[in-house]
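Those protein sequence lines, which keep their order, are chains B and G.
Per the numbering used here, residue 50 is the first one in the first sequence, and the count goes up by one each step.
Per the numbering used here, residue 50 is the first one in the second sequence, and the count goes up by one each step.
To be clear, the hints were calculated from the coordinates, so they are not data collected in a lab.
Small disclaimer: the values here were computed from a predicted structure and weren't measured.
By construction, the Cβ of each residue, glycine as well, lies at the ideal position given by its N, Cα and C atoms.
Hints may contain errors.
[What the hints assert, rightly or not] Beta-carbon label-pair distances, calculated as ranges:
| hint | chain 1 | residue 1 | chain 2 | residue 2 | range |
| --- | --- | --- | --- | --- | --- |
| 1 | B | 306 | G | 97 | 40 to 48 Å |
| 2 | G | 220 | B | 88 | 38 to 46 Å |
| 3 | G | 328 | B | 215 | 34 to 42 Å |
2 protein chains.
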Amino acid sequence: MLAENVSIIGLGLIGGSLARGLKRAGLCNTVRGYGRREAALQQAVEDGVIDDYSLDLREAVAGADLVVLATPLSTTEALMREISDVLKPECIITDVGSAKGVVVAAARKALAGRLAYFVPAHPIAGTEKSGVEASFAELFENHIVIITPLTETDRGARDTVAALWRGVGATVVDLDVEHHDEVLAATSHLPHVLVYTLIDCLAQMQDRNEIFTYAAGGFADFTRVASSSPEMWRDICIANKASLLAVLDRFEKHLHGAREAIAAGDGGRLMDVFSRAKQARDAFARNTGR
Amino acid sequence: MLAENVSIIGLGLIGGSLARGLKRAGLCNTVRGYGRREAALQQAVEDGVIDDYSLDLREAVAGADLVVLATPLSTTEALMREISDVLKPECIITDVGSAKGVVVAAARKALAGRLAYFVPAHPIAGTEKSGVEASFAELFENHIVIITPLTETDRGARDTVAALWRGVGATVVDLDVEHHDEVLAATSHLPHVLVYTLIDCLAQMQDRNEIFTYAAGGFADFTRVASSSPEMWRDICIANKASLLAVLDRFEKHLHGAREAIAAGDGGRLMDVFSRAKQARDAFARNTGR
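Working from the sequences, and respecting the hints, build out all of it.
So, in structure tokens, the structure goes:
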């Protein structure tokens, strides 16, 4: 038993999948949920995803030994502030946010007396679907969870959170907050911005009906992430603004270089870009099997 | 029997898959292949993909009733020029190029006396793999083939090519050359440029090892097309330069707008873009099942 009572704040795709995984693996005694949609929470109890729920945030965390924050990033600081004084003294607090600098900054302000028990974490897993209805216990299997401990973080608290994620099938690695945010900006946040922007751009063209009619399988793969939650991604983009803008500016320069090569009919330069990219993508496929 | 003897010039993923599909459906008597790699052609004969092959282009098409050009776009005009005077008088010539304006222009120059029997076509199907080794007979099933007939195109020749594609499982639609090139620039050519450019950009970053290590499933989907043939895509970008630059410029404006919204922390504007994109992507998924 890693933690007697776990409270999951925000029972969506990630929170719901974690709840299912914890219960399946018997890693805790009770899982309590907190969310905005009571019907979904009731259904989650009926389906055995959680043991009970509360629509009152402070009540939801009152007896918890471990609290998981799994709501959009813009809500994090206010949530921390509201729960801080009702938590049990050694209650571990962790989160699942896709940007960590902003979460750590929020914790320094809103959980000042509890930093030893705050363990920032980010499961690199998900689908383009949202909500507890789309959750499943296997979501984290063979996926990486990045923990970005603070200097203040208690080793035992960090190890409990790591064990929890391992218990639902994930591999855990530690990374600096800044490094996490740079890497995720490049590998996840920028691609989402590109796809959302492309789809919105195409949907405003006169040819939009033909465009979506004659799209091939590659387009479906390429654009799948645009079905993800707009609210979550709005928050991520703003939360990780500095790192995202840095890699976006870099990308815009590369894209403009490709544009110039196309305009000049410079096949050699395009061949260089495309060949290097294929080499890197093929290596990624070999290393990950994807 | 749609055509007694078919010659496929360029036995790669598309040419090889068409050869397999034609033979499986019994739509022709013999399929002859032409390519650059003799070992691959020999293997294709052994595997029953083709009946025979020639390394001599003119010999490869000499007795054909239907010739399919399935090589990278930059080779099209020279191939047409070289085969034009050895073809049987009513031999139908078709192609599989992803850009059609450039192919039609080549045909007007190199197949001037034979335009009635030239049927430009584009099967919207493929995988990120290349070569006859990756070909399979089912590649075109439930995919669209766009035919862009010229005013000169003989109706019977067009119908034969359409029947051939239907025979291997595809749905055939007719489109204007210009319209085809605009739509495909938006839906296929631009996404390939974005992904190739992004991967090349990331592969040059200091963090590149972590970037590719911590990439999630969305990244794998998003970037899969970067494993496609660089040579083929270089040719497509240059062949469809005008339409590609038009949609690329439009996209760059949208992307810069998103950049400004992120920099300003303008959550409302990002939410608008992301929500509209999600709506369009969800509609695409509903309509296509992808």
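Evaluated hints:
1. B:306 x G:97: 40 to 48 Å: Given a distance of about 46 Å, which is inside 40 to 48 Å, the answer is holds.
2. G:220 x B:88: 38 to 46 Å: holds, 42 Å
3. G:328 x B:215: 34 to 42 Å: Roughly 38 Å apart at Cβ, these two residues keep to the hinted range, so it holds.
Hint compliance for this structure: no hint is broken.
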